[in-house]
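Chain order of the listed sequences is Z and H. Residues 1 to 619 (the working numbering) make up the first sequence, in order. Residues 1 to 208 (the working numbering) make up the second sequence, in order.
The set of hints was computed from the structure by calculation and includes no laboratory data. We put the CB at the ideal spot given by N, CA and C, even for glycine. Treat each hint with caution, since some may be false.
Unchecked claim - The list that follows gives simulated cross-link-like pairs (lysine-lysine, DSSO-like), each with its CA atoms no further than 30 Å apart:
1. LYS501/Z - LYS521/Z
2. LYS584/Z - LYS615/Z
3. LYS412/Z - LYS300/Z
4. LYS542/Z - LYS372/Z
5. LYS179/H - LYS412/Z
6. LYS412/Z - LYS515/Z
7. LYS495/Z - LYS542/Z
8. LYS61/H - LYS330/Z
9. LYS226/Z - LYS151/Z
10. LYS330/Z - LYS310/Z
11. LYS114/H - LYS344/Z
12. LYS226/Z - LYS300/Z
13. LYS226/Z - LYS197/Z
14. LYS61/H - LYS615/Z
15. LYS33/H - LYS584/Z
16. LYS114/H - LYS151/Z
17. LYS8/Z - LYS114/H
18. LYS226/Z - LYS276/Z
19. LYS61/H - LYS33/H
20. LYS179/H - LYS542/Z
21. LYS61/H - LYS8/Z
22. LYS606/Z - LYS179/H
23. LYS521/Z - LYS542/Z
24. LYS372/Z - LYS344/Z
25. LYS515/Z - LYS372/Z
26. LYS372/Z - LYS212/Z
27. LYS212/Z - LYS151/Z
28. LYS300/Z - LYS344/Z
29. LYS61/H - LYS226/Z
30. LYS542/Z - LYS419/Z
31. LYS515/Z - LYS500/Z
32. LYS606/Z - LYS515/Z
33. LYS151/Z - LYS179/H
34. LYS512/Z - LYS421/Z
35. LYS33/H - LYS60/H
Said to hold, decoys possible - Which bits of chain H does chain Z cover? Going by a derived footprint, with three or more residues having C-beta under 8 Å, they are:
36. 85 to 94
37. 186 to 200
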Amino acid sequence: MSAAVQAKAASRLLLSGNEAIARGVWEAGCKVAAAYPGTPSTEILENIAQYPDLYAEWSVNEKVSMEVAIGASMSGARSFCAMKHVGMNVASDAFMTLTLAGVVGGMVVAVADDVGLSSSQNEQDSRFWGRFAHVPILEPADSQEAYEMVKIAFDLSEEFNTPVILRLTTRICHVKAMVTVGERDDRAITGFKLDAKRWVLTPANAKVALPKQIAREDALRAQAEKSPLNLIDPGSDRRIGFVTSGPAFMHVRDSFPDAPVLKLGFTYPLPVEAIKAFRAQVDVLVVVEETEPLIENELKAAGLYDIHGKDTLPRLGELTPNVLLPAIAKLLGQEPPPPSAYAKIEPFPRPPTMCPACPHMGVYYTLSRLRKRVQISGDIGCYTLGAGHPWNALDTTISMGASMGIALGMDKARGEETKDKAVVSVIGDSTFLHMGMQGLLDIVYNRGNVTTLLLDNRSTGMTGGQNHAGTGKDLHGEDAPRVDFAKLCEALGVKPERIKKVDPYKLPVLFKAIKDEIEVKEPSVIITDRPCVLSEFYDGFKPYAVIDDDCNGCSNCLNVGCPAITVSRTGVRQRPNMPDVELKFTTIDTAMCTGCHMCVDSCGPKAIVPLHSLKEAAQ
Amino acid sequence: MSDTIITNILVCGIGGQGVMTAAEILAQTAIAKGFDVKKSEVAGMAQRGGVVTSHVRFGKKVWSPVITPGTADILVGFEVAEGSRWTDMLRPGGVAMVNTIRLTPPVVSVGLFKYPDDPVAQMRAAGVTVYDFDGGAIARALGDLRLVNTIMLGAIADYLPFPADDLEEQIVGRFRVRKPAMVEVNQKAFSLGRAAARASQQALAANG
C-alpha cells in the first residue's frame with residue numbers, strides 16, 4: 001500500500017506524481033474515478049483504489065472511463081478519469097460534447113503525455129485538447145503541484161461549469177518528490193436531476209450551448225490572467241527570461257538560477273497579458289514548452305513577435321538541462337557548456353525481452369516458421385515485441401485494437417506479390433476488449449479473409465498486469481464476471497468451427513491450428529489460453545536442461561526467443577562443396593526456466609530434458 | 001549545508017535487480033537527513049529485461065529531477081556493462097561503484113552483439129575512478145542473491161554526504177518491521193559491501 005494512503009494531514013512524504021494525484025483526488029471528495037491502464041498514468045487509479053469512500057474501476061477503454069466520469073458528474077458527484085495521451089484520442093468523442101453540456105459535480109481529466117516516448121507509439125501534446133474543447137488546462141511541475149492542482153481543478157470545474165484537464169508528463173507521473181498532504185473534504189452526491197435541454201445534445205440543444213461555451217472560455221481567460229498558478233519567479237539577471245510550464249520549469253530553474261521565469265500552471269486559456277507584461281521586464285524572452293509551440297504561436301498571434309521558442313529549442317523530447325544549456329548559450333552567442341569529462345561508452349543494446357515461458361513466444365515462433373506465407377498485422381501490448389529478434393514476425397503496429405481493421409484493409413488491397421499470402425492479425429485479450437472487437441465484427445460483416453490470433457494471457461501485461469473484463473477480477477482484485485472470448489467471437493459472427501482454443505505451449509498443435517486456419521478463406525480466430533507468467537494465474541512447472549552431449553548446435557531452440565536459453569559455445573560444421581554451418585550449442589538457465597516446454601518441441605535431437613531426470617541420470 | 005550543492009547519484013542496472021529499491025532507500029535516507037529530494041526513474045519496459053536507471057538528487061533545494069550528463073557524483077552499476085553505459089554521466093572526480101556480474105541479454109547470447117571483454121577497463125581507460133567487486137559472489141556466499149542491493153548500498157556508504165550508519169539504519173529499519181529474521185544478514189551484507197569497496201579502492205591506490 002502507498003504510504004500516502006495512510007498519511008495523516010500535514011505529513012510530508014516522498015511521492016510519485018501519480019501517488020500525489022491519487023491523494024489529491026481523494027482529498028477533493030471525488031466519488032467516482034475510472035481509467036484504462038496506460039504508461040505513464042497507470043498508477044493513478046491503482047493508488048486511488050486504495051482509498052476509502054470512493055468508487056474506482058478499470059474501464060474497458062478510455063472512452064468508457066470518460067463516460068463513467070461524465071455520468072457521475074451529471075449526478076452531482078465529483079468525478080475523475082485518467083489516461084495516457086493516446087487514450088485521450090479514444091475518449092475525445094465523449095469529451096468534445098461534454099464540454100458543451102458542462103458539469104454538475106466537478107470533473108477532472110488527467111492526461112499524461114509520454115514526452116520522450118519511454119513506452120508509447122507516438123509523442124503528442126495534449127495541451128491541444130484545451131484549445132480544441134475550450135476547456136482549461138492545468139500543468140503541474142512536480143508532485144506537490146500535481147497534488148494541489150487536482151484539488152484546484154475540481155473547484156475550477158464547478159465554478160466555471162467545465163471539465164478540466166490536468167496535463168501531466170512522464171516526468172511528473174514517475175518522479176518522486178516531497179509532498180505535504182491534507183485532509184479529505186467529503187461531499188454529498190446531489191443525484192441526477194432531469195434537464196433534457198442540457199443533457200440531450202440534439203442540434204437544437206447544442207446550438208443553445210455553443211455561445212455559453214464561448215462565453216465560458218472568455219471568463220476562463222480572465223481567470224487565467226489573475227490566477228496565482230501563473231507567477232513570476234524573480235531573477236537578478238534580466239538579460240534573458242523564460243516563460244515555461246510543467247516539468248520544463250524545473251529544468252529551466254536548474255539551468256538558469258538567476259534568470260526571471262514566468263511559470264505557468266494555468267496554461268489554457270493562455271494569460272497573454274501577463275506574458276506581455278513579463279516580456280517588458282527582460283531583454284530576451286524564450287518560451288520553453290514540451291513539446292509543440294502552442295504558447296509561442298499564440299503569443300505571436302497576439303502580436304508578441306520578439307520572442308524565441310522552437311527556433312532555439314527542439315520540438316520533440318524533453319527540454320532537460322543538457323538540452324537547454326547549449327541551446328540558450330548558442331542563442332546568446334556564448335560559449336557552449338563543456339561536454340562531459342568522460343567519453344560515452346556504448347556497449348551492446350539491451351532491448352526489452354519476453355519473459356521465460358511467456359506464452360506469446362510460442363505464437364511468434366510458429367509465425368516465424370510460416371513467415372513467407374503470412375503478413376502479420378500487430379497490435380499494442382507485450383506481443384508488439386514479436387516484431388523484434390528472433391521472431392521478426394509482426395509487420396505493423398499503429399494503435400490500440402487496430403490490428404484487425406488494418407488486416408481487413410490489407411486483405412481488400414492485395415498486390416501481385418501478396419495475393420496468395422494469408423493475412424493474420426495478432427491482438428491481446430485486454431486490447432481486444434479495449435478497441436479490437438469492432439474490427440473483428442467488421443471482418444465478419446464484410447466477409448474478409450483474416451485469421452485473428454487472440455492471445456489471451458488474462459492480463460494487461462505491458463502496463464504491469466492489471467485486471468480487465470476478461471480476467472475475472474476487478475481493479476480491487478475482487479471476483480468479477482469474466483467474458484468468454486470464444487462465445488464473444490461467435491456472437492460477432494465467426495463460425496463456431498472457425499474458432500479454436502489452443503495451448504500455445506504445445507507448438508505442434510499451435511502450428512497445425514494456424515496452418516489450417518490460414519488456408520481457410522473466411523474469418524477465423526485462434527485463441528491461446530496460457531496466462532501471463534507474471535500474473536497470479538500462472539503456475540510454473542519444473543525446469544528443463546540441455547544434455548550437452550546430445551546438443552547438435554542447430555540453435556533451433558534459440559528461435560523460440562526465451563531469455564533463459566543462451567549459447568554455451570559455438571562451432572563449425574564443414575560440408576563438402578557447401579558453405580560451412582555455424583553451430584551454436586545452448587544451455588538453459590535453470591533458475592529462470594519455469595518449464596513451459598516450448599523449447600523441447602523445437603529441439604530435433606531431443607537434447608532438452610527435465611532437469612530432475614538429468615540429475616537422476618548423474619547419480 | 002550550502003544552498004546550491006546537490007548530490008547526484010545515478011543507480012543503474014537491469015529490470016528486477018533492485019535498482020528502484022536501492023534508489024528509494026537512498027532517497028529516504030536523504031529525507032531523514034533533512035534534504036530536499038527528487039528521484040526520477042526510467043523503467044518503461046523494465047520488467048522485460050531492459051535497461052533501468054534511477055536518478056536520485058538531494059540538497060537544500062532540488063529543481064530538475066534529472067541528472068545532467070557530466071554531473072553525477074556517484075554511479076552505482078548493478079551490472080558491469082550497464083555501469084559502463086552511463087560513464088559520461090559522471091562529473092570529474094566522481095566515483096563509479098560497479099558490481100562485476102555479467103548478465104548477457106539474448107541479443108548478445110545469439111551473437112548479434114558482443115559483450116565487451118572488460119567494461120571496467122574501458123571505464124578506467126576513459127579516466128574514471130572505478131571501484132569494482134563481485135557483488136553476486138558476496139550475496140551467494142551469504143545465501144541470497146537479493147542481498148546484492150544491500151551490498152551495493154554498503155559499497156557507496158563511505159562516499160555519501162551523510163554517515164554510513166544512517167544509510168545502514170534505513171535498510172535495516174525496513175527489515176526490522178517486515179522481516180526481522182533478515183536484519184542480521186543485511187547488516188552483514190552492508191558491511192561486506194563497504195569492505196569490498198574499500199578493498200577495491202586500496203588495490204587501485206596500490207597499483208598507482
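Just to be careful, I want the Cα atoms of LYS114/H and LYS344/Z compared with a cutoff of 30 Å; is the pair within it?
holds (17 Å)
Please work out if LYS226/Z and LYS151/Z have their alpha carbons no farther apart than 30 Å.
This hinted pair holds, its Cα atoms lying about 18 Å apart.
Proposed proximity, LYS521/Z with LYS501/Z (alpha carbon, max 30 Å):
holds (19 Å)
For the pair we were handed, LYS212/Z and LYS151/Z, check the Cα-Cα distance against 30 Å.
holds (25 Å)
Has the region 186 to 200 of chain H got at least three residues whose CB is nearer than 8 Å to a CB belonging to chain Z?
Answer violated; 0 residues pass the 8 Å Cβ test.
Does the structure keep LYS542/Z and LYS372/Z at a Cα separation of 30 Å or less?
With a Cα-Cα distance of about 35 Å, the restraint between LYS542/Z and LYS372/Z is violated, given a limit of 30 Å.
Does LYS412/Z sit within 30 Å of LYS179/H, going by the straight-line distance between their CA atoms?
Judged against 30 Å, a Cα distance of about 61 Å means the pair is violated.
Going straight from one Cα to the other, do LYS151/Z and LYS179/H come out at no more than 30 Å?
violated (38 Å)
Compare the distance between the alpha carbons of LYS495/Z and LYS542/Z with 30 Å, and conclude whether the hinted pair is satisfied.
With a Cα-Cα distance of about 38 Å, the restraint between LYS495/Z and LYS542/Z is violated, given a limit of 30 Å.
Would the hint linking LYS521/Z and LYS542/Z be met if the CA-CA limit is 30 Å?
violated (41 Å)
Does the alpha-carbon distance linking LYS61/H and LYS226/Z stay inside the 30 Å limit?
This hinted pair holds, its Cα atoms lying about 28 Å apart.
Restraint status (C-alpha distance of LYS412/Z to LYS515/Z at most 30 Å):
holds (21 Å)
Violated hints, in rising order: 3, 4, 5, 7, 13, 14, 15, 16, 17, 22, 23, 24, 26, 28, 30, 33 and 37; the structure is consistent with all others.
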